[in-house]
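Asker: Given next are the chains, with one letter for each unit.
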Amino acid sequence: MTATLGAKPAPGRGRARSRHRLAVLGFMAPAIIGFVLFFGYPLVTTIVLSFTKYDLINPPEFNGLDNYAFMFKDPLLGKAIANTLWFVVVLTIARTVFALGVASVIARLKSGVGLIRTLCYLPSLAPPVAATLVFFMVMRPNGGPLDTVLGWFGVDSPLFFSDPAWAKTGITAIMLWISGDLMIIILAAILDVPQEQYEAAELDGAGPIRRWWHVTLPTISPVLLFGIVNSVILALQLFTQAVVAGSAGSGAADATGSTKYLGFPDNSTLTFPVYLYTQGFRYFDMGYAAAMATVLFIISFALTIVLVQRMRKNSTAEEGGPGA
Amino acid sequence: MRKHTRAALLCVAAALTLTACAAGKGGGANSDAAAAPGKDEKLTLTVWSNYSDREYEEVTKALKTFNQKFPNIEIKHEGSQDDDKITAGIRSGNTPDVALSFTTDNIGQFCSSGAFQPLKSYIDRDKVDLNQLTPAVQQYTEYKGNRCAMPMLTDVYAMYYNKDKLTEAGITAPPKTLDELYDAAVKATKKAPNGDIEVAGYLPTMGFYANRPTILAPTFGAEWEKDGKSSLATSAGFTEMMTFQKKLVDFYGYDALERFRAGLGQEYSADHAFHQGKIAIMVDGEYRTAFLKAQAPQIKFGTAPFPTSKNAEYGTAFTTGTIMGIPKGAKNPGAAWELIKHLTFDTDTIVGLSNAIKNVPSTKAAMESPKLEVDEQFKTFIDLAKSDKLKGNPVTPIGDAHIKAVTDFSVSYQSGKVPDLAAGLKEVDKNIDDLIAKSGK
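Residue numbers (UniProt numbering), protein chains in the order written: chain V, 1 to 324; chain F, 1 to 441.
Please keep in mind that the hints were generated in silico from the structure rather than gathered at the bench.
Among the clues, some could well be false.
Said to hold, decoys possible - Mimicking SDA-like on lysine to any residue, the simulated pairs with C-alpha atoms at most 25 angstroms apart in a straight line are: (1) 426/F to 71/V; (2) 229/F to 76/V; (3) 191/F to 145/V; (4) 73/V to 191/F; (5) 85/F to 47/V; (6) 300/F to 225/F; (7) 53/V to 300/F.
Please work from the sequences and hints to get the whole structure.
Answerer: Given below as C-alpha cells:
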C-alpha cells in the first residue's frame, strides 16, 4: 500500500480500491449496524425527546428548552447531582485504592493464591440485589453481625442505610465488596511487571515500599487509569444498589422500587440515574428524563475524554521515556 | 464538514420518525363502547396483575368465575406485572385486555393520557349504578370526571393495638383522641437503663411502615389541594399532623428513635415490629389481620379507628385499593369490560376473593353479604368502609411525586432540619404545583 502513496492511481486501481473499501465496509457492517441501532439511534432519540413533553403514551410534543429550564427549579435534581458527584469522587478513589491494595497483597502471597484470588473475585459475581440485601443484614443495627462485633468493643455501629450521613458510605462498602473484577485486572498488570526491574531496583537499594512506589505503580498506571475511568462510569450509573438499600433501609425491602422509598434516608441515596428513572417511568415525564440523560451523557463523555487524553499522554511519555 | 452535517440531519430525521412511530403504537382509545362478546364467540382475554404466589392463585380462581357467564371466553392471567410493565406493554402494542394496578397513585396519568380507556360509554350503555361503590372508592378510580378504572377490593386503614402491652401500661381502652394516643404511646414505651428503646408505644417516624402522610392525613382532616392548588400550608390538618408526630419524636429523642427503627424488621415479613411485640400501637390496613394470624398468632391484638383531634371526625379513615382498566390498544375491549363489570359488581365473586385474601369488598352489597367472613378485628375495617368518612388517595397526573415530596419534608421536619414549618410546607406546595403545571394536565 505504501508504494502507491504520492502516485496518481490508475483507473483500474481506483476501481479496485472502491471494491476493497466496499469489502471492508461489508465486514464492518455488523458492528456499524449494531452501533447505529443500539447506540446512535437511542442517543439521538434521547436528545430529540429532551426537547419535548412526552408522557410515554401520547406522541411527544415539542416544548423547546422547557425541560432544561425546569432543572433549575427542581429541588431534588440538585440532591441527585450532589449524591452522584459524591460517589464519583469517593467511590472512584476507594474502589481503585481497594482493588489495588488487595491485588498487591495477593501478588505477594506465596501459597493459597488461587483460593484467595477466587474468594476475592467471587462477590463480584453476586447479583447486585442479593449482595445489597446481604450487606444490609450484616450492617443492621440492634443485633446485626457487625453491630454485635462492634458491641464487644463498646462501640455502637453507625446507622448504615438509615442515617443520611452514613447511607452513601454503606453503599460504597457494598461496591468495594463486589470490586473483584477490577482487582483481577490490576493483579494481572502487577504480575506482568518485568522481574528485572524489581531486581535492578533492589540492587540500587530500594526496599519493598520504594520498589512498589517506583516500579510497580508507574508500570501499571495505564491499567489504574482504566480502573479510574471504569469506576467513574460505574459511579455515574449507580442504580440497583441505591434503590435496594433505600427500600431495605426504610423497612420496605419487599416493596423495592416503590417511588415512596427511593432515596431513603432523606434522599441521601437518590442518585442521578435513580431520579432520572423516577421522572421517566414513575412520574411519566420522559421528556424531562431525556433532558437529564442528555446532561448525564455530556458529563460522562467529557470526563471520559479528559481521562482518555490523560491515559494517552501517559503512554506517550512512557514510549518516549528514558528507556526508549 | 457538509457530509457530516448531512449525516447528522439524516440521523435526527430518522430518530424523529422512529420516535413518532414508537409513541403512536398501540391503537387509539375509543370513547364508544365496544359490543359485548357473543355467547358463541371464542376468544381469550389476557389479564395482567401484580399478584404473586397464593394471592395470584386466589385471583385466578376469582377470574374463572367469569366463565359461568361466558364459558366461551378463556382467561389468561399473568401475574407480577407492575405499572411500569403495563405502560411498556401499551407503548409496544403488547397490551393486555384488562390491566390491574396495585396502586391508585397512577390513576391521574392513566386517565389523562388515555393509557386506560374511558369507561363512561360502557357505564351509560349498561346503566351501571356507581352508587353501589362508596364515594371514596368512586373518587380514587377517576380523574377530573374521566372514569377510566373500576375497583377490585379495597384497603382501609385503622389503628392496631397490642392488648397485652396496653394492659401492662394500665390502659383499659384503645385511645380515641390524639391526646389519648400520645398518653398511651408514652405509657406503653419501655426503655433500657441506657436509654435504648425496647418497646415503642407508637412509632411516629413518617414514611415507615404504614405511618405515611396519605394514610394519616384524613384522620387529621388534612386537605391536599384547594382550588386546583396544593394546600398543605393552608390546611390546618397538615400542620397538626406534623406537630403531633414531632411531639412524639421529641419524646423518644430523634437519635434513639432512629437507632430503634433501623433495627426493626421489614414491613411484609414475619419480623414486622408489631408481630415481634416491639411496637404497641400502629396504623395499618385490614390485610394485616391475616398476616398477624398467620405469622404471629401469639400477639393478642385489637383494632379501632385511628384517633382524631376532634370527636366529630372519629371514624375517619384512608382507603385505597386495586384498580382495573382497559388499556389503550386492548384487542377485546367489549369482553374486557364484561370481565371488569363482573369483578366489580358480582357479589359472590367479591366476597369469595375478600375472604381469601382478606381485603375489604368494594361494593356495599358485598359488605352486607352474610357469606363475608368478619371477625372482631376485621369488623372495624368493614364498619369504616361502610361509613361516609372514608377518604381516598389524592389523585394527580404526576404519579406519587406529591406524596414523596410531603414524606421527604416530614422526615426532614422530624429530624429537626426544618426551622419554620409553615414556610417549609409553602415550599412543598410550590414544588408540587410546579410539577403539576409542567405535566400540563
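Asker: None of the hints should be skipped; say for each whether it holds.
Answerer: Here is how each hint holds up against the structure:
Between residue 426/F and residue 71/V the CA atoms are separated by roughly 20 angstroms; this keeps the pair inside 25 angstroms, and the hint holds. About 20 angstroms separates the Cα atoms of residue 229/F and residue 76/V, which keeps this hinted pair within 25 angstroms; it holds. Between residue 191/F and residue 145/V the CA atoms are separated by roughly 23 angstroms; this keeps the pair inside 25 angstroms, and the hint holds. Restraint check for residue 73/V and residue 191/F: the C-alpha separation of about 44 angstroms exceeds 25 angstroms, so the hint is violated.
Distance hint between residue 85/F and residue 47/V is fulfilled; the C-alpha atoms sit about 24 angstroms from each other, no more than 25 angstroms. At most 25 angstroms may separate the alpha-carbon atoms for a hinted pair to count; residue 300/F and residue 225/F exceed this at roughly 39 angstroms. A C-alpha spacing of about 53 angstroms is found between residue 53/V and residue 300/F, which places the hinted pair above 25 angstroms, so the restraint is violated.
Checked against the numbered hints given earlier, this structure breaks hints 4, 6, 7; the rest are met.
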